Amino acid sequence: MTTPSLASLHGNRACAAGAIAAGCRFFAGYPITPSSEIAEQMSRELPRAEGVFIQMEDEISSLAAVIGASLGGVKAMTATSGPGFSLMQENLGYAAMTEVPCVIINVMRGGPSTGMPTRPSQSDIMQTRWGTHGDHPVIVVAPASVQEIYDETIRAFNLAEEFRTPVIVLYDEVIAHLLESVVLPQRDTVPTLTRKWASGEETTFLPYAVTEDGVPVMARPGDGHRVHVTGLTHTPDGFPTQRPDLAAKATQRLLDKIEFNRDRIERNETFDLEDADVVIVAIGIVARAARRAVQELRSAGLRVGLFRPVTLWPFPEEALREAAARAKCLLVPEMNAGQLALEVERIVGPDRVARLNRIDGEPIAPGDIVRRIREIAA
Amino acid sequence: MTVHAHRAEIRLAGSGGQGLITGMHILFRALAIEGKRAAQSQSYEPTSRGGFCYSDLIVSDDSGDYPLATGLGMVAALSQIGLDRSLALIKPGALLIVDERLVPEPPRSGFDLHVLPMAARAVEVGSPRIANVVALGALAHLGRLVPREVLEQAVRLETPPKFADLNLAAVREGWGLVGARVGV
Chain Y
1 MTTPSLASLH
11 GNRACAAGAI
21 AAGCRFFAGY
31 PITPSSEIAE
41 QMSRELPRAE
51 GVFIQMEDEI
61 SSLAAVIGAS
71 LGGVKAMTAT
81 SGPGFSLMQE
91 NLGYAAMTEV
101 PCVIINVMRG
111 GPSTGMPTRP
121 SQSDIMQTRW
131 GTHGDHPVIV
141 VAPASVQEIY
151 DETIRAFNLA
161 EEFRTPVIVL
171 YDEVIAHLLE
181 SVVLPQRDTV
191 PTLTRKWASG
201 EETTFLPYAV
211 TEDGVPVMAR
221 PGDGHRVHVT
231 GLTHTPDGFP
241 TQRPDLAAKA
251 TQRLLDKIEF
261 NRDRIERNET
271 FDLEDADVVI
281 VAIGIVARAA
291 RRAVQELRSA
301 GLRVGLFRPV
311 TLWPFPEEAL
321 REAAARAKCL
331 LVPEMNAGQL
341 ALEVERIVGP
351 DRVARLNRID
361 GEPIAPGDIV
371 RRIREIAA
Chain G
1 MTVHAHRAEI
11 RLAGSGGQGL
21 ITGMHILFRA
31 LAIEGKRAAQ
41 SQSYEPTSRG
51 GFCYSDLIVS
61 DDSGDYPLAT
71 GLGMVAALSQ
81 IGLDRSLALI
91 KPGALLIVDE
101 RLVPEPPRSG
111 FDLHVLPMAA
121 RAVEVGSPRI
131 ANVVALGALA
141 HLGRLVPREV
151 LEQAVRLETP
161 PKFADLNLAA
171 VREGWGLVGA
181 RVGV
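As they're listed, the protein sequences go chains Y and G. The first sequence: position 353 = 353 (the numbering used here), numbered continuously. The second sequence: position 110 = 110 (the numbering used here), numbered continuously.
These aren't lab readings, by the way, just hints derived from the structure by calculation. If you're wondering where the values come from, they're calculated on a predicted model, not measured in any experiment. Glycine included, every Cβ here is placed at the ideal spot set by N, Cα and C. Misleading hints may appear alongside valid ones.
As the list claims (entries may be wrong) - Listed next, the stretches of chain Y that the computed footprint assigns to chain G, with coverage defined by at least 3 CB atoms under 8 angstroms from CB atoms of chain G: (1) 53 to 63; (2) 165 to 177; (3) 365 to 377.
Isolated chain G, as found in the complex (with noise of 0.2 angstroms):
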């Protein structure tokens, strides 16, 4: 008879262009080091350019198990959009992880709420456009998903060599991002 599967459901929601997909293709890299197996997917719209846009990571050990999201539980937000369209499938108490500039408005309770400045630090450390690889370090150390250093080990073989050392420096701001934690 049929065993229910461990089975885990994570987003990265935000706008066309925030490097949400590759983000998670690093994540699936580096649980695929750990061993697990895993199905990603994501919005299939012209939003590279801005609008709601997701990448989703269902990690199971049946293989053949649905590989869509029905209830995520853990979800890192770049854009109030990504974040108000999200909403719907998130699970009660999720862990939820918001940027604080560019989520201003998030759900005042109900979830695992963790307000960080991640677009923020992201500029500090180098570039706007690494804010997805802050949010992933994050998520990977809130959500205790993998250790760290199987994360940079995936971040040096998902990214081009040339940008290996930022998105390295990425990885460690947003693991070592420890924000407000306010709700619940």
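Pulled out of the complex, with its shape left as it was, chain Y reads as follows (with noise of 0.2 angstroms):
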């Protein structure tokens, strides 16, 4: 049977269902509003399915714990939001470093430190980036329903998998927490992706060999092949090095990896932007209050449309410059002091950009951002 089946989903169960049906078989995590749900729904499905969960005392062993397993094989998760995704980013950096596959939810809440654990926010969207220390590459995916939590949860163990990197699946406590009809595929026809395991001469084997889309083969443990798993910069071979252009071409191929793959990578979803004269750029719940704002601004005769990055970082330049190529103006409307605009800025130039933000704990509703483009329209 490949028919697929209509259910209603809450978010957070769609990300544990995503997780175990893209073949996630471990989770260590601390649970954490409003991220809750995943741990709890994951200590359920995982002895089902063969799987391990652990409850750590903390999110830097959680993470710590999830490369391991990873590290040894397995698919595998953790699951947080602000506070405990501040802690996770030393873990992150080594993650990256050491090239291992494991996804990392982080369902945002308002910040800074415990700020406002039930209320929702988008404040994070700077730090999935730049959060760990040094020049590192990484994935993350901002779904914006409950449907692409289940889906894009999917793509992110496929993403880490293919690319040996964290991907961060970065999501708000609304969708978190909403139930909504969704379509799941029966479980059998999941794409899944699993990483390239090394294979053939034991003795030559170099566990980060540069290769042709810049994805070393890993040595999968008791196979015979060499594992050498260091977060110091390290050569081809494993070993630390600090010869400058050896340690050069480390740093870059880590970085290439992704920049050399973006269009695997990158994923954007537009509405109504053909003769757009005002172009929203949203993600998450406010994508969601935007699509209602262009068909309210459109039905008044405004010409508005959408521009939604599904994939956040590395950020769908290339898209987003074709998006807003004819537009007289951007409005990046965000649950922070402006964070996601300055991304927009970057790409388009500041002279167009105009932001809408809100820093109170309450999602940005269509009527915001139908009253901010009557006042920039104006």
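With the hints as a guide, bring both chains together as one complex.
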């Protein structure tokens, strides 16, 4: 049977269901509002799927355990919110440097610090990109519906495996706690990817070899190929180096494996963009509000459209440039003091970019966007 | 070009612990049986033992539509605070069902107001805790949301089998309630 089934699903539970469908068999985490249902669901599902669930003592150890499990060959994930995501930064960099596939869910709540645990926010947009130190690759996907949480969680696992890098699934509390109609494929029809495992000659194997797509093959522990895992800058053989030419090459390859594969990573959605004078750029629940605002403004005769990055990092630059080419103005509504706007301004220049920000713990409503665009248009 | 999606915004308003979320899950299921898409959300605060609480259902044929309330067209209120805190979001002329005892001060005008003894009937049927399902029966009937049989089917699917008879009785009680109609 390949008939998809129509169901209603809760955002965080859709994330857990997507993870299981993608082949995730290890979860380590420290439950935190508003992401807790993911851990709760995984604690039920994983034992049934012959996987392992561990509640750790904190978020530092949670991601450490996930990295360990993934090195052992299992698809692994954790889920958290802002305060926990802050603690994970050290190991996030370690996973990027050691090229360990893993998935981190960050359900955003109001910050900084413990902030507003039950209120929605989008204030981790820049932290997901730049939170850990050093020049590092990262992939971030930003779903805007329960259906997309399911689909993008599956894609996150596939991207993590394909590019041997941590992938962050970033969404807000509103989407996390929605119960929404979804269409779920039969589990055996979900396309899943697994990392390239080392095969062939063991003695000449290089754990960080330079390959055509920039992604080295991984040694499966116990198979005979040499395993060398280190956070120090390393040459293809895994040994540390501070020789300038080798160090530059090592870091550059890490960045290039994402940069050169943008076409396989980037994803965006557009709505009523063809003749738009005003282009709204938004993610998550705010993009849903924007879609309604577009419809309202269109029926009042204003030409407004929406550009929604589904892959948030790397940001779909070319697609935005194209979308913005004939627009008189771009509006970036977001539930923070201005983060996504920085990237939009960088890409299309600051002159045409207007902002709309809410930092009060309330979602941006369609009416907020309608009013702001009327202001701009006036 | 965009076509406005058919959209209905429905709320159960009251206080924490009244089963408002369960109520909307039942209605969600009933609409799903009818092939309709929806999104359900609720207040997300530590209010499980009192305080303002709501549960919303946005029915829309556009799956990417805004899933939160912007102008409620149908509301059933089971406490005064539930009504008071929802008023700003209720559209003029909306269907408004309030409990006779729990909402002592309903608005005098502006809505299609129905004052019904939902909590009292719940007690008569067997438990004060099923006022949510009585309210749902009334809401589904007055709002012409789903046929009664479909709502009953959804109740069987969404509530514990142990309480099926009680909940089904509550649906019928609510469905049959046509109280003193005042206002508009």
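- Message: Could you work out which of the previously given hints the structure breaks and list their numbers from low to high?
- Response: 1
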